[in-house]
Every structure is written in structure tokens, then in C-alpha cells.
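Model the full assembly from the supplied sequences, consistent with the hints where possible.
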Amino acid sequence: MSELLERLAPDDALPSDGFAELRRHAQKILMQHGFPHRKTENWKYTPLTLLQQRSFAGTGEMGPLPAAPELPFDAAVIRMHNGEIDPSATKLPRGTSLTGLVADDVDVDALVADGPNDAFAWLNLARLGQGWKLVVDERVERPIVLLTTVDDAFEGAVHPRLHVEIGPDSALTLVSLQSGGGAGLHNAVLDVRMGERSKMLHVIDRSGGDTVWIEHATVRVAAGASYRAFVSDAGGALTRQDLRVSLDAPEARGAIHGVATLTDRALVDYHTTIEHHVGPSQSAESFRILADDRATGVFNGRILIVPGADDSHSEMNTGNLLLSENARINTKPELEIHAEDVTASHGATIGQLDDDARFYLRSRGLSEREATALLKYGFAAAVFDDLEPGPLADWLLERLKARA
Amino acid sequence: MLKIENLHVEVDGKEILKGLDLEIGAGEMHAIMGPNGSGKSTLGYTLAGRDGYEITEGRITFEGKDLAELEPEERAAAGLFLALQYPVEIPGVNNAYFLRAALNAQRKARGEDEVDSMAFLKAVREQLKVLKMDEALLKRAVNEGFSGGEKKRNEIVQMAVLQPRLAVLDETDSGLDIDALKLVAEGVNRLRDPERSFVVITHYQRLLDYLEPDHVHVLSDGRIVESGDRSLAERLEREGYAFLDEGAAEAAGA
Numbered sequence: 003m004s005e006l007l008e009r010l011a012p013d014d015a016l017p018s019d020g021f022a023e024l025r026r027h028a029q030k031i032l033m034q035h036g037f038p039h040r041k042t043e044n045w046k047y048t049p050l051t052l053l054q055q056r057s058f059a060g061t062g063e064m065g066p067l068p069a070a071p072e073l074p075f076d077a078a079v080i081r082m083h084n085g086e087i088d089p090s091a092t093k094l095p096r097g098t099s100l101t102g103l104v105a106d107d108v109d110v111d112a113l114v115a116d117g118p119n120d121a122f123a124w125l126n127l128a129r130l131g132q133g134w135k136l137v138v139d140e141r142v143e144r145p146i147v148l149l150t151t152v153d154d155a156f157e158g159a160v161h162p163r164l165h166v167e168i169g170p171d172s173a174l175t176l177v178s179l180q181s182g183g184g185a186g187l188h189n190a191v192l193d194v195r196m197g198e199r200s201k202m203l204h205v206i207d208r209s210g211g212d213t214v215w216i217e218h219a220t221v222r223v224a225a226g227a228s229y230r231a232f233v234s235d236a237g238g239a240l241t242r243q244d245l246r247v248s249l250d251a252p253e254a255r256g257a258i259h260g261v262a263t264l265t266d267r268a269l270v271d272y273h274t275t276i277e278h279h280v281g282p283s284q285s286a287e288s289f290r291i292l293a294d295d296r297a298t299g300v301f302n303g304r305i306l307i308v309p310g311a312d313d314s315h316s317e318m319n320t321g322n323l324l325l326s327e328n329a330r331i332n333t334k335p336e337l338e339i340h341a342e343d344v345t346a347s348h349g350a351t352i353g354q355l356d357d358d359a360r361f362y363l364r365s366r367g368l369s370e371r372e373a374t375a376l377l378k379y380g381f382a383a384a385v386f387d388d389l390e391p392g393p394l395a396d397w398l399l400e401r402l403k404a405r406a
Numbered sequence: 003m004l005k006i007e008n009l010h011v012e013v014d015g016k017e018i019l020k021g022l023d024l025e026i027g028a029g030e031m032h033a034i035m036g037p038n039g040s041g042k043s044t045l046g047y048t049l050a051g052r053d054g055y056e057i058t059e060g061r062i063t064f065e066g067k068d069l070a071e072l073e074p075e076e077r078a079a080a081g082l083f084l085a086l087q088y089p090v091e092i093p094g095v096n097n098a099y100f101l102r103a104a105l106n107a108q109r110k111a112r113g114e115d116e117v118d119s120m121a122f123l124k125a126v127r128e129q130l131k132v133l134k135m136d137e138a139l140l141k142r143a144v145n146e147g148f149s150g151g152e153k154k155r156n157e158i159v160q161m162a163v164l165q166p167r168l169a170v171l172d173e174t175d176s177g178l179d180i181d182a183l184k185l186v187a188e189g190v191n192r193l194r195d196p197e198r199s200f201v202v203i204t205h206y207q208r209l210l211d212y213l214e215p216d217h218v219h220v221l222s223d224g225r226i227v228e229s230g231d232r233s234l235a236e237r238l239e240r241e242g243y244a245f246l247d248e249g250a251a252e253a254a255g256a
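Residue numbers (the working numbering), protein chains in the order written: chain A, 3 to 406; chain B, 3 to 256.
I should point out that these hints are in silico values taken from the structure, not numbers from a laboratory. For every residue, glycine included, the Cβ atom is placed at its ideal position computed from N, Cα and C. Fair warning: there could be bad hints in the mix.
[Stated by the list, open to error] To spell it out: a stretch of chain B is covered by chain A in this simulated footprint if at least three of its residues, at any positions, have a beta carbon under 8 Å from a beta carbon of chain A; those stretches are:
#, segment
1, 66-78
2, 100-107
3, 131-139
[Stated by the list, open to error] Quick list of the computed label-pair ranges, beta carbon to beta carbon:
#, chain 1, residue 1, chain 2, residue 2, range
4, A, Thr351, B, Glu65, 21 to 31 Å
5, B, Lys67, A, Asp357, 21 to 31 Å
6, A, Gln354, B, Asn8, 28 to 38 Å
[Unchecked claim] Below 20 Å or equal to it, Euclidean Cα-Cα: the simulated EDC-like pairs (lysine to aspartate or glutamate) are:
#, chain 1, residue 1, chain 2, residue 2
7, B, Lys184, B, Asp216
8, B, Lys141, A, Asp396
9, B, Lys141, A, Glu400
10, B, Lys153, A, Asp357
Next up, the structure:
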């Protein structure tokens, strides 16, 4: 593993800017713990073999910015390419601003030094490239699309960081549209702080491609605020998302709904945590994985209700479809409850497509292929039931349909 | 339209149909009655082409085509429709979307133009009205949360939209109260046509009061053992299926 450390975080001279001290501190922590390996509980199903095999030689010939996809809904688009944003290229809605991150923005004490589990978050800080802060202090109706791409020839490692601050009574719809490219590493950190009574709708549509795509996200939800995430992952060579939602005050709400549609040799790992720190609070989580060919899907959904967080309620269910003999799914709900007057339900199923349903569809005229696709789509799309109908939902579902 | 000759069918290695013969002409409605275990559902599933129903002997010819050669969706495109005894719930698959996709898949297979969504919705709404079903059901997933009666009526809605040439109703009346039964019968009767035939598989006679079939057959132990007109159904209603044993005993004794 230290070889990987050498390649990704060599003991070279780091840029001396306002972040120099933070980077040194992060580098130290990283060297202490190293990267996760097979015995690291939270990484045991996700070998980093792919990373070990890559040289991260450099960024190669950078091509032109890929054309932005046409979006059937009105949005402000921020483009991040190979880990970099050109702020002049974006016209943001009123009530929002995008500025460079400064060292004081990073709350080091709040970073969890959790052994090798958070190694990549520490790596992000140790090798921090561009850091950005998006501040929202109004109820912004128009979605902001963060279009994140990577060159096909990309073979380096980038570590972008985004902080989002949503002021009290404000609202943001952030659509993270991410598509990977070349055989490099895109190692991002997202830090969201939500003010009282604020709302965030976070839509993530992700296809890692050949890029190793790692994201470590933390969301802090204040009193009366609500965070909702909807994730659609089409799979990639190696994708890992850690998402921690911390319900920090009374009437905070959090919801995570995701689906991963995996084919070929995709390996996708979602580790989510929803923490109830103070009651009353509510959370809901639903996650579905469809795995075909030789793909592997990993899901770990943790709900933590700390002592004193009475009147907390959470609901989690996962559904998993194995579509081929060599597909693999590892799914685990985790409930850790220390408070009173709590309801916490969880359910997990792993199965195959229903033959009765398939026959029924075929008996009405659909071919086996069409019937199978319809059943897969139906299974996958169910996670978006709570997303209000409209152009954004239509767009997300259309993309999902093309993958099912 | 349909000719079944000496049909033997095995399910899970067990022979259920043991030499069934049946001939159905265009525009005719045939009722098939029989005690439990006689093979009624097996006949329906075999006609529709479900996996696990193996034809070991005999032939089924539908409009001149050998049915055994056709996949379930090909049989549908050829004009066959099976209304299931237990319609399947399919969460996540929208009712209207599925029905339109099915109709267009069939039309495409037949070289016909696809139906646009406006025309389709109009046709479906009409059928829903006739069967006194709430339009809201169109927005739900297929049969999800439907009552037993609604599921059966949904089968008739599908039949009305897909316009089959041969409709097989597998115990469509089971689990229905008298009002739902009348609605279903009305829906079926509206579809009667010189170019359309029906096979009504049923355990009880009461549905036949409303449908008035041309022929009634009795299925027992995998074969048609008696055929007649409506009076046969009335006789079964009065005497039950016991007379079949007498008939068998007579035949054995003779």
C-alpha cells in the first residue's frame, strides 16, 4: 500500500500557498494511516487493485472541453473539467455566488481521522488542487448544474473540493452531472452546510467511465432544514461515494434515494450514513442495485441515532436485482440506536427478475428483451417516486431508461 | 380458428392434459367447465405459451399456424389473448405505458402503424368507463394495489384495447361478486364479433348466464369428456360434476 501512497502522495514539495499548512497536516495523517485494504471494514468489498495498477503519469494531451449536453430544463451550468472550474464561464442565478476556497474555510477539527477509512478525504486535502465555495442565500428556483467531466486522455489524479453553504430559509437545487473519461483518479470532497429551515435537492447522475471516481460528501442539516439526494449511477471502473448526512438539530430531515445500474465489470460502492443527533428528526433511505454481467455493487447504509436523540424516525429499504450469474451485490443496512421513542425500520431483498411478470408482459405482445427492459426500468425507477414530477425528473428518468 | 388435436401437456414432469380435442370456429364462444385439477388453467397457459408447459403429443393450430412454434409475444401478435386467473402485479411499471407499449409491439409485428398516445388514451378511457373503473388506475403500476375485482376488470380493459381474435378467459369470474361479474360479462359481450372467438374457462355456471356461450364442454382429468350446448351447463349446475364418475363407471362397465 505504501507504493500507492508514494505514487499518489509523494513526499515532494507542495505548492506554498494559503493551504500549505493544511496540506502538510493532511499528508501527515495520511502517512500515519495509509490507504484502506482488504481488512479495512468499510472497504472490504472494494479492492483498490485498479488504483495500484495505474501510474498517474500525468495528464497527457488535454483535449478541448467536451460539448455540454443539452438539458431539457432551465439551469445555470458550472463546468468542472479535469478538476478545474473556470468561474468566468458561468452566469450564476441571483442569490448565489462562487468563490475560491480559503484555508479558514476548512474545519480540520471536524474532519474525521477515522483510520484508513477516510484516507481519500485526507488525500484530497493533502493534494488539494482547486477549492470552491458556493454560497446560496435566497430561495433559488433555477437549478445549478455542476457538470463534471474528465478528458479521455486523462491519466493523472485531481483533488477538487467544493463547499456549499445554504443560508437560513434559502433553497438550492444542485444537479451533479458527472461523467468520467480516461484512466486517472478524480478524488473529490463535498462539504455542505445547511442553515435553519433551508432546503437542498441534490441530484447526482454519475457514470465513472474508466476514471476512478471517489467522492467524500458530508452534509450538515440545521433545525428545520431538509436535505434530499437522488442518485443515479450508471457504473464505472471503480466508483466510491461516502455520503454522511448529519441531522444536527430539531426538525432536521434527510433523505437519500439511489439506484445503480451496473454492467460489464463495473464496481460501484456507496457507503452512506445518516446521523440523528437531536430529536425530533426524520430520515428515509432507499437504494437499489441492478447488477448484470460481471459487475459488483456494494451498498452500506448506516443509520445512527445517538443517546438523547429521542423522537427520531428513520426508514430504510434496499432492493437488489442480480441479472447474471457472475454479478455480485453486497448490501448491508446498519442500525445503531441509543435513544428512546425511536422508529427505525429496514428491509433488504436480493432477487432475480420475476418470471411471472415477464410472462405476463410477453403474453401481451412485448418481446423478451422489451419485457426484461421494462421490468428492470420499473424496478430502478421506483427509487425516484418521491422526486416531484417535472422536467428535471423526466430528464433523470429518461437517462435511467437508457441504462436499464 | 382454433383446432386442438390430441393435446398432451406435462407440467413439472406430470401429465395434466391427456389427449384434449377441441375445435373453435370464428365468432364462436365456447365454455369449458370442469372440477379442480382437471387441467383448466393448464389449457390456458399452454395456449399462451408459458414456460414449463410442455406439449408432449398433439397439435394446436391457430389460424392455420402451429402454435407450438410461436413465442408468447408472437402468439399475442397473431391475435391470442389470455385473461389470467391471477393477474400479475408489476410494481414500477405504469399501467398505461405498458398497455400502449404492448399494443404498439403487436401492431409493429403485424406491420401496422403505431398508435399515438392521444388516440390510445381515448380508447382506454372509453373502456374504463364501460367497466366502471377509475381513470386514476391508468397512473398506477400494473395491478398494483388493485382489488381482485379490479384486476379482473383490468384484464378485460386490456382485451378491449388489444382487440384479439381469440380470447381465452381463465376463470375470470373467480373471486368476483355479482356486480363485478355483470360488469365483466358486459365488457366481454361488447367484444363479441363474427371475427372474434372466445374460450371461457370457468368452474361455476353463473358467468354463463350472462355470456350465453354457443358450446359448452366438460374437462375432466385432462380430456374433454362431454360437449353440448348451454343446457349442459345448467345440468352441471344442478347435478355437480359427480355424473362424470358415473359416466366413467358406465363406460368401464359397458
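Keeping to a limit of 20 Å between CA atoms, is the pair of Lys141 (chain B) and Glu400 (chain A) held or broken? Given pair Lys141 (chain B), Glu400 (chain A) holds - Cα atoms ~18 Å apart, limit 20 Å.
Within a Cα-Cα threshold of 20 Å, do Lys184 (chain B) and Asp216 (chain B) meet the stated pairing? holds (19 Å)
Check the hint pairing Lys153 (chain B) with Asp357 (chain A) against an upper bound of 20 Å on the C-alpha distance. holds (19 Å)
Checking C-beta pairs, does the segment 66-78 of chain B have three or more residues closer than 8 Å to chain A? Holds, because 5 residues of the segment 66-78 of chain B bring their Cβ atoms closer than 8 Å to Cβ atoms of chain A.
Given a hinted range of 21 to 31 Å, is it respected by the beta-carbon distance of Thr351 (chain A) and Glu65 (chain B)? violated (43 Å)
Are 3 or more residues of the segment 131-139 of chain B near chain A, judged by a Cβ distance of less than 8 Å? violated (count 0)
Confirm or reject the claim that Gln354 (chain A) and Asn8 (chain B) have a C-beta distance inside 28 to 38 Å. holds (36 Å)
Could you say whether the range 21 to 31 Å given as a hint is met by the Cβ separation of Lys67 (chain B) and Asp357 (chain A)? For Lys67 (chain B) and Asp357 (chain A) the Cβ distance comes to about 25 Å; the hint holds.
Under 8 Å between beta-carbons, do enough residues of the segment 100-107 of chain B, three at least, approach chain A for the coverage claim to hold? Since 6 is at least three, the answer is holds.
Holds or violated: are the alpha carbons of Lys141 (chain B) and Asp396 (chain A) at most 20 Å from each other? holds (15 Å)
Hint check: violations occur at hints 3 and 4; the rest are consistent with the structure.
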